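The primary structure of each chain is shown beneath.
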Amino acid sequence: MPSDVELGRRAFRRRQTRRSVLVSALSTLVLAALLAVALIGSPGWARVQQTFFDPEVAVAALPRVLQGLWLNVQVLVVASVGVLLFALLLATIRTLRGPVFFPLRALAAGYTDLFRGVPLIIVLYLVGYGIPGLDFFGRMPAAFWGTIALILTYSAYVSEVFRAGIEAVHPSQRLAARSLGLSHGQAMRRVVLPQAMRKVTPALMNDFVAMQKDVGLISVLGAVDAVRAAQIETSHFFNFTPYVVAGLLFVLLAWPMIRLTDWLSARTRAREQAGSLV
Amino acid sequence: MNASPAGLETPPVLRLRGIRRAFGDHEVLRGIDLDVAAHEVVALVGASGSGKSTLLRTVNLLERIDDGVILLAGEDVSDPRTDADRVRGRIGVVFQAYNLFPHLSVLDNVTLASRLVHRIPRAEAERRALGLLGSIGLGDFARSFPDRLSGGQQQRAAIVRAIATDPELLLLDEVTSALDPELVGEVLELVRALAARGTTIVMATHEMAFARDVADRVVFLDAGRIIEDAPAREFFAAPREARSREFLSRFLPEA
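Those protein sequences? They're chains A and B, same order as listed. Residue 129 in the working numbering is what sits at position 129 of the first sequence, and the numbering runs on without skipping anything. Residue 525 in the working numbering is what sits at position 247 of the second sequence, and the numbering runs on without skipping anything.
There may be inaccurate statements among the hints.
Stated by the list, open to error - A few chain B residues facing chain A, derived, Cβ under 7 Å:
1. Asp-363
2. Asn-377
3. Leu-394
4. Arg-405
Hint data in this document are derived by calculation from the structure and do not stem from the laboratory. Since the structure is predicted, the reported quantities are computational estimates derived from the model, not experimental observations. C-beta atoms are modelled at their ideal positions from N, C-alpha and C, and glycine is treated no differently.
Can you make the complete structure from the sequences, with help from the hints?
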């Protein structure tokens, strides 16, 4: 049974909690009301509502946009796997030592520099229209080239994330692994990389969220994804609502991942500060 | 166990001749000659920066040498053509900061080298590891991750990891320096047990009382040179060199 002093403290904390919930609810309501009044009260609201938020157009466009979104999801899944593998390869190459590997190291370093600098949309055009021109491969759908372009660009970023993670593992861990007789490769695979992965998971998920919306850019190659479908529906209805629908769908797609990322980094932070009040 | 001279028929476990190592202009090791016989326990003592840790790292080929020869059971392992991984697999090392792998359970920490380097099947490696962990009272922690263990328990697990593959030589680098004073005892007790079992040990240490009790020989390093190399009892009872006496007076006021 807690002491009277502790009971008093608990009662006080309960009162405080009730008060803060009340205050936050009130301030949220006030802000929402202000925003609504400003928006609806604006002189052009009626026109904007008609061209961007038409429920009938939204319902009519939804099936096609959803169908397009399915293509985005497929591209996203394939590209994510591709990025993970290729980025890991790039990061590993950059940690190789020994003179034999100099050209590989230089190539990997040059690659990450180049592809972090070029805008994704330019990579999309070059890959989507350039490589097919070589006539090496048969005719491939636009989504295929879009996926390749996404992998090329995002691998450059993600490999840097991996490299930062590898370097964040304390050298004494590598030393301990090598002292046991593990080879460079074994130490890397069994000791350094698993710890590096854990350190960079939140950053990786952030890049994944970024890629989740960039898959919409494959529409510039003519792939009928959610964005392209929305564009077609927009010109059909002469109304921008399909874009809003596509935008909302992308948000819905990304939302679980965004929440998961936040939750994960909050948990990591909580673990690191376990027992601390501030 | 008494200090025994290196046998004529079998080469010493470790023989160092003229080991030199410099970091830039700073000479850390200036020509070290040292023999360690089988079952011998040698304590490296000396002030911080005298070269103890660097010497241990060079023996395990974790540090390059600038000159000299390292013979492990008669084999020149300082030859650049040596397979360094194989040599390291024959030597156990325990670090000051334990360096357990935080993403692996205690059991996996202990069995990693057995499985990967010595190709022992997992079941057998685990059976052996569980026996070793049980014998030092860590059996219940085998499936725990290192961060659930106290510093003393972590360091004892690290020692078990180092001896799990039956190394020919065990190197201990100030294994109690990072521990809270009340946890030092349990780690030293384990080292004492290993010494009694006949493990060949070279240990850098600041625990003078422990070195006096457990070591057969004490090697006093100062500024990268061996100043005195004597049986432990003699070294602590009557150090020959002035610098040894000065060093000891700071650690053992009664000496």
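A quick look at each hint next to the structure:
no., hint, in the structure
1, Asp-363, "holds, 5 Å"
2, Asn-377, "holds, 4 Å"
3, Leu-394, "holds, 5 Å"
4, Arg-405, "violated, 19 Å"
In this structure, the one hint that does not hold is number 4.
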